[in-house]
Each structure stands twice: as C-alpha cells, then as structure tokens.
Amino acid sequence: MSYRISCDVGGTFTDFALVDEHNNLHTHKVPSTPEDPGSAILKGVEELAKRFSMSSEEFISKTDLFLHGTTIATNAVTQRKTVKTGFITNKHFEHIFSFRVWSKEETYNPRREEPKPFIPRYLTLGVAEDEEESLNEDEVREALRTLKGYKVEAVGVCLLRSYLDPSHEKKIAEIVSEEWPEVATAVSCEIQPTVGECYRVHATALNASLIPIMKKYLVQLHEKLRSQGLKREVLTATSTAGVVYAREAANKPVFTIGSGPSIAPLTGLFYGEKAGWRNVIVTDMGGTSFDVSMVTNGEIKMAQQGWVAGYPTGISSVEIMSLGAGGGSIAWLDPGKMLKVGPQSAGAVPGPVCYNQGGREPTVTDANVLLGYLNPDYFLGGRKKLSLPMAEKAIKDTIANPLDLDTLDAAHGIFTITNQNMVAGIEEISIARGIDPRQYLLVAAGGAGPIHAGRLAQTLGMKSVLIPRSAGTFCALGLANSDIKRSSAWSFITRSDECDLHRVNQMFEEREARIIKELESDGIARDNIRLERWVEARYPLQIWVEVRNPLPSGTLSEKDILQMVNSFHKKYESIYTYSMPDSPVECVTWGITGVGLIPRVTLREQPSRGENPSVAKKGERMVCFHEEKSRVKTAIYDGATLTNGMKIEGPGIIEDSFTTIVIFPQSQVTVNEYGNYYMTTS
Amino acid sequence: MERRVDPVTFAVVAKKLDMTASRIKEYMVMLARSPIVTVAKDLSDALFDAKARLVTQKAGIPIHIAGSEQVVQSVMESFQDDIHPGDAFIHNDPYRGNTHVADVNYLVPVFAGDELIFWTLIKIHEICVGGAEHASVSFHYTDMHMEGLHIPPLRIQREWQTINDVWELLLSQVRYRDDIEADRKAALGSLRVAERSLVDLCNEYGKEQVKKFIDDYINYADEMMAEEIRSWPDGTAKSEVTSDPDQFGNRAMVVCELTKEGDRVTVDLTKSSDQFPQINTTISGTHASVFTAICNVVDPRIPPNNGMYKHVRITTRPGTIFHPTPPAASSLATTFLTDPLTDAVMKCLLKLIPEKASGGWTWGGPGANNVLAGIDKRGKAPRPVSTIGFLSIGGAGAVKGYDGWSQAAAMMSGGSIPVANIEIFEHVMPLRFLKRSFATDFQGDGKWRGGCGMETIVKPVKGHELTFVSFGNGNSSPHAFGVHGGTGNLNPSVSKIDLKTGVHTTLSQQELLTPFTLKDDEACLTRETGGGGFGDPLERDPELVREDTRNYLISPGKARDVYGVVLNTETESFDIDYEATKRRREELKEKKRGNSA
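Top line first, the protein sequences correspond to chains W and R.
Under the numbering used here, the first residue of the first sequence carries the number 1, and numbering increases by one thereafter.
Under the numbering used here, the first residue of the second sequence carries the number 1, and numbering increases by one thereafter.
No lab work stands behind these hints: they were computed from the structure.
All C-beta atoms in this analysis are idealised placements derived from N, C-alpha and C, irrespective of residue type, glycine included.
Hints may be right or wrong, so weigh each one.
What the hints assert, rightly or not - Here are some chain W residues pointing at chain R (derived, C-beta under 7 Å):
no., residue
1, R100
2, E114
3, K116
4, Q542
5, I543
Stated by the list, open to error - With a Cα cut of at most 16 Å, we get these calculated EDC-like pairs of lysine to aspartate or glutamate:
no., chain 1, residue 1, chain 2, residue 2
6, R, K380, W, E586
7, W, K340, R, E228
8, W, K337, R, E228
Construct all of the structure, not just a fragment, from the sequences and the given hints.
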C-alpha cells in the first residue's frame, strides 16, 4: 500500500496530484511561496495528509514516489539570478557568448537593445588548443587562478570541435577537480556533445550557473522530506518529459529548464489515450502565455533545443511553441489603427481592467466578460468579482470608438484576433511540420484555455476537444504518470553511403550500457527499462533541417540504415513537398533514451446518471457568439454537478471552479467516464 | 482612406501573410545545400499582388527585396496572359529589374480559381551562375557577358511539373551543379508550401475580401508613411560619398540630392559618376539602397510595402553607375556602390532630421564580402566547394538612445546575415578558424557608440588550399561616420599571415582586387569596422564605458582619453573613479573648446 504524490510548482500556485492505494486521484492547490518554494510543497503535503486524517509524517512514510516539477532553473535565468560563472574556451574565441547564429529581429529597426551575452567576456578565458599543439595546461591553471580571484561560484568548459574529440575538455575537467574541487563545474561533452558551438556553450554555461542553485534547493527539500519519512529521493521533471532523481537534476539543472510545459503533452496523451486518441495537440493557456505541444502516434514531438530568456538551451527538449497570448494579453491599436492583441500582458497585477485593481488597458479577459463568456460574479468559482461596466468602458474608449465599431463587435474582434494568434502558433508546430491538425485531438488546459478551445478547434477543422476537469492541476497529473528518463545525444556526422557502422554500433553499445546501469541504480528492474534510439538526419550539406528517425535496437546492419534512409525520404517529402531519393542521407545527431517505466495511474470510472444535464443547469445569461450579431440567451451549467454521460448542446457555458468552458453553437459537450469534458465540433 | 475590410479581418489576414512570408525563408534555409544559403543566409522572400505591388516582406535582406517589384513586373510583361496555376518562373536579368545576375529569383503565381491573386518570390544569391571566375561577383567582369548566364523571365514549371529540358540547360551552365540543383528544388518546395497556405487563405476569406485586404494593407502603410514624412521639415540636402578605387585607379562618386516636400521624398542621383565597365548598381539595387536608408529612420511599425515605397521617388540618369546600360557589368551591384549610397542618403537625412539619423554603418568590406573556394578532399571523392565567407561582420551605426548592434553587417543586410557556427562552417568547408573576436577600439565612439568591429583568422585545413576573392569596398575609404559629435571613419583590412614565421602582410587595395590562394601554412586575417557613434563620447554614461572596457570592447586608454572615464583597472570590475572622471571630462571639454576656438 503506497501513495504517489506529484506536485508542480508554478509561479502562482503549487498544484498537487495524489494517487492513493485504490488508484483514486486527488488534486489540491496551495499558493506558491517563490522565496522558498519548498515551504508550499510541505504545506500542500500537510493539507493533503489532513484529508486522510494523517500527520504529514505518517502520510509521507506511506509515499513511494514523490515527483515534482520546479521552475527554479527557468526563473533563475529569466530573472538573471544565476550564480556568477566563469568560462573556459579556446584562446581567441573569448567573445563566443556574443556571437549569434540567428538573424536580428525587425530588420529595419535600429532602436532596440542588443541582447547581452550570457557570460560577460571578462569572465570567459581562453586557453590554447590548436591543430598542431596539445592543450596548454599551464594556461588552464592560470585561468582557474584568475577565476578564483574573481570569486566565481561555477565554471563552465567548452572547447571548439569537442564533439569530435572531447579529450582536451576532459583534461581541463580533471585539472579543475585537482585545483578547485569544490567549484561547480560543467563540461560540454558531458552535457550534450552535439555539433554547433554557439548552442553547446550556452548549454554548458547555463548548466554551470544553475548547479549551486539547484543543489541548494534540492538538498533542502530532500532533507525536509526525509526528516518526515520519505524513503527515496525526490524525482524532478526535465524538459524531455521525464523525471530524474534529485542527484541527477542537481548536476544537470539545464535539463529542468522549461520542464513545466514539457510535462503538458504527457498529461495530454494520458487523457487522449483514455478517449481513444494517440494524436494529440496540447494547449495550455494561462494569464500571460499560451503553450502548444504535440504528440503523434503516442510520441511526443521533440525539438533540437529550447530557448530561455533569449538564449538557446542547447539541449534536445520537448518542442513547445510559446506565445504571449493569455487572459491578460492587452488589446491595442498601432499608429495605423491595426487592432493587435499582446504580446504585452497586464499580468496578475494590475491585471485586466475588470479586476478593478488599477488596470487601464483592455485585455482578452475584459473582452470575454463583455461577450458573456465569463461570469463577473463567478470568476474562479466566485473568489474574484469582475466589473463588467469597467471592461465595457475600456474596450469602448480604447478600441471601439477609434475604429468606429460597436463595443460588442470590438470585444469580438479582440476574441477573434487572440484566437488567430493561437491558431498561428498551432499551425506553426503542426502544418508547418507537415502535420494535419484535423487528425488530432485538441486538449485544452489552463484556466483561460477552455473559453477559446472550441473556436480554435473549429478554425483548424479539428473535430474533438478534450477539457480535463482538473484543468487547474493539469501538469501535476502528467507528472504522476512520468517515467524516469536517462538520455544521451551526440553528434557523429556520417553519410548513409559511407556509414561507419562499426563506430555507430560501438557508440550505441557504450551509451546503452551506461544508461541501463544508471536506471538500474535508480531502482528500475531491467524488465521495466525500454530503450529508444533515434538519429537526426538530413541531406548532405543541409544545416538546419534535421528529421528525426527511429532506429531499431541491437546491432545495426546496413539494412537498418537503408530502411531509415527510405523512411527519411518519405518523411521529408511529407513535410517539404519534395525529396531527393537518389541522394545519400547525412546522419548527424544520434540519440538514445532509456525509459524506466513506472506503473501507470489508472483512473476510476464514474457511474453514469444519464444524458440529461438539467440538474446542473444553474441559470441563463446573454452571450455573444458571432460578430455583428447580438447576444443570445444561453444556458449556464455548474461543472461540479455534471456527471458521466451528461450531454450539453451548444450554445452553452459550463462554469467550473478553476475554468469556464464555452460551448459554441453547433458543438456539444459530453462528460466522459472520468469526469472530463469531451467536446465535438462541426 | 476608408478601409474596405472589417478591422478584425484586416488584422487576421495581415498576420497570416506575415507568417507565410516568414516561413518561405525559414524553409529555404533549412532545405538548401549551398553554404551561401544555409550558413550565410544570403536570400530573401516576399509576397506581391497581381499588380506586382509588394505586400509583405518579413525576413528579407533589404537590398534583395526593396526594389524587387520590378522583377515581378518584368515576368508579367513577358508572359502577359500566359500565366497559369502551377507555373513557376526563374529570372535573374539585372537589365529587367533584377539586382545582379547572382541573385536568382524564383516566382510562383498564386491563383484563386482562375484569377491571379498573389506572387510569391524567393531570391537567392547563387554561388555560381556560370561566370568566367569562381565567384558570381568580381571586379574582373568588365562586360555583362562575363558575369554568367543572364536569364530573362523563363518558365521552369508548368502544372506543378518541372520542365526538364529548361531545367537541365540552366544547370549545365553552373559550377557546383549538385548543390545548386538541390537549392533550386528547395526554393520551389518552399514557394509551393506558401502557395498552399495562400490558396487556403483565399478559400477561407473569399478572393474579393483578400483583394480588398491588399488595397487596405497598402493604404495602411501609405497613410502611416505620409504622416511620418509630413512630420519632417521641408527642404533639400546634398551629400557626396566616394568608393574605393577600382583596378584602374578610378573611384566612383555618389552624388545625392534629397528633397522633402509635403509627404514625398525625392532622391536625385543624376549627378553621380558615369557608368564603369564593372562597378555599377542596376535600377533595382539603386532603389533598394535608397529605401533601406529611409526605412531605418521611419517608424519601424510601418510595414515596408508598396504603400511605404510610393512616397519615395528616385531619379537617375541612364549611363551612370546607378542606371547603367548594356553591356556594362553589374556583378557587384548589391555591395560596392550600395554602401556609399545608403551613407549618402543618411548624410542628407542627417541634415533634414538630425535626431532620427544614425551614425554610419560598416560597409560590406573585404573582410565580410569575400568568396572562399577550393576542393574539399576530406570525403571519399574530392568535391569543389565555394561560399560567400562573411568571415568578419561589422557593426551598425548608433542612433539616439541606442548603441549600434554588433555583427550587423552593412545596412543593406540589416542584421539579417548572422555569423556561422564555426563547427558547422568547418564541416562544410575545408577551413579552420584560428580566431573570431570583437576587435578592441574598432568602433565609432559617442554618447551611444557604434556596434563593434570584428576580426577573424581562418586557414585551409591540412592538405588543402583556399582561394580568397574579395568583392568588398571601403578598404581605402574610411566610413562608419560619427554624428552629433560621435566619431567613426574606420577602415577594414585583410592580411595574409605566414604561419611558419608569424609575419602579417596587409594587402593593398590593388592586391585585394585580385583573387589570391592560401596554402595550408598560411592564414588570413580579416577585420571589419564597427559602426559610427552618435553624440559626444564625454556624455556617455560612465557605467557603460566601464562595462565596455571591462569586456575588452574599448581599451582603458580610450576610456580615459576619448570618454574621459578613469577606471581603476586593478579591481575586478574596473571601478570608476568618479572624482577623477569628473576632472578628466572637464579637462577634455576645455580642450575641445580650445580646439574649436
């Protein structure tokens, strides 16, 4: 008998999902404590324990797995609170952090600040390493003395071309551990030895600069939980949609950047599979941002790297398309009177105008109040009162009057443009990658998402939308279903027609053995370890495109490579409209992910009480669904009272404690056996 | 002007077109094989309407796109009624609206039913178009027939199928055929993806709405631009800028007279030098240069489309460097004269709207504008390779309130040409980087300083040779001028380094005009200038001077003598000695007053 606790530490709330010994799911939410994130975790545990009439100690001692997602790393970078970090690279390349391999945005606008390098030049020291020469070890020691003098707390090491031969980097790491064993160190060949120094230096520097922060946080959390009886280490979410034990997270914190949104596709897949879908587009819309991720045939779409605060993370991560579109996004007119929404946001403070907290600029939430989608008296389950007259006045003065529009049409315009921004984000990650969203289920999470989801689906031609009832604790649930993942990616550039199979097999064997060992030491039995191999390939001389192809396990033969090449041509053509089947393929980055399978959470089905939702109907109000048409009388339902099997024909609105679901005309919602809302559109 | 589509459709369609335009270039860079596209990103795209009006450019290089309406016009003139769904055209003729032969245009007309609604265009600087020398740009092409194949508007696809005989003919003219063929397939693939989304757009909104949108969108730019220009004082300003000498010792003179009246700007270039045999910029490049300079001073929110450009009239005289006539060559059209021309326009704007003008930008000097060519023997079979190097990329001029950007390149590229990942560059070309760095004290100073200058050293990998062809300008013409008391006037340079002895030999202007070959025990150092400064350096925030000095962008000596900031370089953060700084700044101000008296 044991519990599984997962908690997702967000900026505003710390969300919990608890799976009890009968596989019942319990969710909980406590306000986050950003200055000491651990105290919200402990408070949440305590409150959850109370529900079972237990003490925290008793409760935790019965907990087998404690999984958690933290934004510590992401926040430290975006708020520029990483530790002072020194860097060692090649002599004559010390400005390496200033060089961008991407184009400046806004070609014709010189009135912008140039981004600052992640590590300033003066803390980046060069050591000689040349075609002919060996590494100058004295210079390494000298550089370390200098950095010691500067009192840096971490040191990163990345040499040019180390993806081809890491021996000099390894030598430097050895010298660091001799000369300065206590300093936090990151070496590029150990983070991810992939080609492209601009990305690798960032991965290395980000990692080094986060180690002391992550270590301190995890040690404290671990101590607290252990003192209350937790037997195993805390598991931490990574940007590969998996979890790792605390020790690994503390040494490789760069992998936790963006881990929150990376969990979303896991939850999306979890719910999708229950509804019979393995193709899922997951959206998460909060107050300031809209994140999209994608799962195709059960496989989460990965990107070559993520971005944080304008820097590349340099590591292979779940692909997240993040847009500045949320409930707080501000509607504005440019000098030519074009209506725009976002990316600026009113945030939580001052918030939308209707919050009556001093916000002056109309936002998406204001438009949603005016359109009747949001109930001014029942926002967040009635915990916040909204002012409709204030929303109306702001939209009228700022948008409607200058455009000579009716105020309701202006509100509908804000709604439509926000939707278009989100549709563009979804298209970017689907259609632009050769994927037809009509074959996918849309999973809409986040407090603000379900207002818009129905319209997004209609615009994209998607027939089905799933809105989890626990939209407010969406990621915590995904986390509860995470597997332990240990992965490795490395560049070894070889063409399919002259492929050095011996070397490739050797590389896979070495890494596979290491990963299995690591997972076994994580307590995973060999039978529960699944290995996934892939290679990113392109046509020779291409640089930016890399199509990821699965590879079989075991010793690879020429036939396996041939099969991969054939599937590459097909995949390439489906995305880019043409292929070059006569051309060999260049294999660039190889990877292997070891998945330590953790038993899945199985949800209990709710009993059905029939289709008729009238028991949940709590009233009617006037709601606007179309431009240039007035409001229509619309039924309002109480989410808490809706049960399995109940059906609502649009137009209608469901008010739940953390979210509001808008059912547009020609759509219907059915509550499914797990209590989630399943919307079909036409 | 009254808008014809509702405000919401207006905003939504504008966004969709932006996305489509961005995606064309994004795809092309991903899919192409030539390093000039994948590494140097020397390409652009844009969307036009059925009247050849520029509607949307999102990620283009200014010199490519700002004058490209003429490319679409010339295809339409050539084919008239014979333009059908599924067609694709190629065109690179500089005498029919293109920039130079090396910029090859691919165009796809987009139809809603049987009505032409859009043109999509992609313009790629191809590394070879069959000219006499390795590179498609050269000082030695003194006649248009030496430059390579001039392709008039020509159909290469019909009903979405490639016309194979034409395709073969075109490819048989070029070096690096396999790479260029792959690039061309990628170009058409990218345009076809865009076609798909534009057809969807017409289906979704109806073609009439889309056509109305286009009018509205052009009017929108038109109105904002009119308002912008009306806010400038009326008047006329003149400027002159000269280029480096060519191989015959002649310098081209750019004479620019800019008149602003009401909501119009007229730029008269008729007094510029008579045409050269080899150094000329065709009309399309001339227009693009003028537009680019003007785009840099107006509200960046104005979309640079037909509505914006119509406020600028450019007059040229046939037979001059900015309006050459056959058989004059123009392979250098997008660089050599365009930098002096954007400078000349900016210098006129400085007189009319001094606060909005910027310091001079770096030029496309020999450190950036160079071609590297050789035989790569590292694979199983040796293969010829060539690319534009962009080895060192200089800085932008400062504007009021902002330092210039580093690694911006000439204004003509507007920051669209990034540096390469060294490891990737070394993978595709048999060269090795020995240095890539910002150069200390190699930018204009000012209250806002210019972007930094850069220096790079490369050598061929062992057992290889590389030919270096410069097509840069500015080696012996100081540029990156300062404004409002800011400084500048810097020169790029190229040096050969003998790695055995360590001896550096800086190449003279004449030596640079001829290609030279590097052996594997030789390296070459390229230095490109930073941008010009804006305002008096003595007014620069000492904190910024401290930061620049600490990070080796300026020397402590310069901090003291030009910026009047005294730093304690013994401390880790180079603490500012505020007292000494105050005294030093007074002293320097006094000296300046003395000098001017």
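Cross-check of the supplied hints:
Restraint check, R100 (chain W) versus chain R: the minimum CB separation of about 6 Å is within 7 Å; hint holds. The interface hint given for E114 (chain W) holds, since its Cβ lies 5 Å from the closest Cβ of chain R, which is under the 7 Å cut-off. Taking 7 Å as the C-beta cut-off, the interface hint given for K116 (chain W) is violated, the closest approach to chain R being about 9 Å. Taking 7 Å as the C-beta contact cut-off toward chain R, the hint placing Q542 (chain W) at the interface holds, the least distance being around 6 Å.
Because the beta carbon of I543 (chain W) sits about 4 Å from the nearest beta carbon in chain R, less than 7 Å, this interface hint is met. Under the criterion of a C-alpha separation no larger than 16 Å, the hint pairing K380 (chain R) with E586 (chain W) is consistent with the structure, at around 14 Å. Proposed proximity of K340 (chain W) and E228 (chain R) is contradicted: the alpha carbons are some 21 Å apart, above 16 Å. Annotation: proposed proximity of K337 (chain W) to E228 (chain R) holds, straight-line Cα distance about 15 Å (limit 16 Å).
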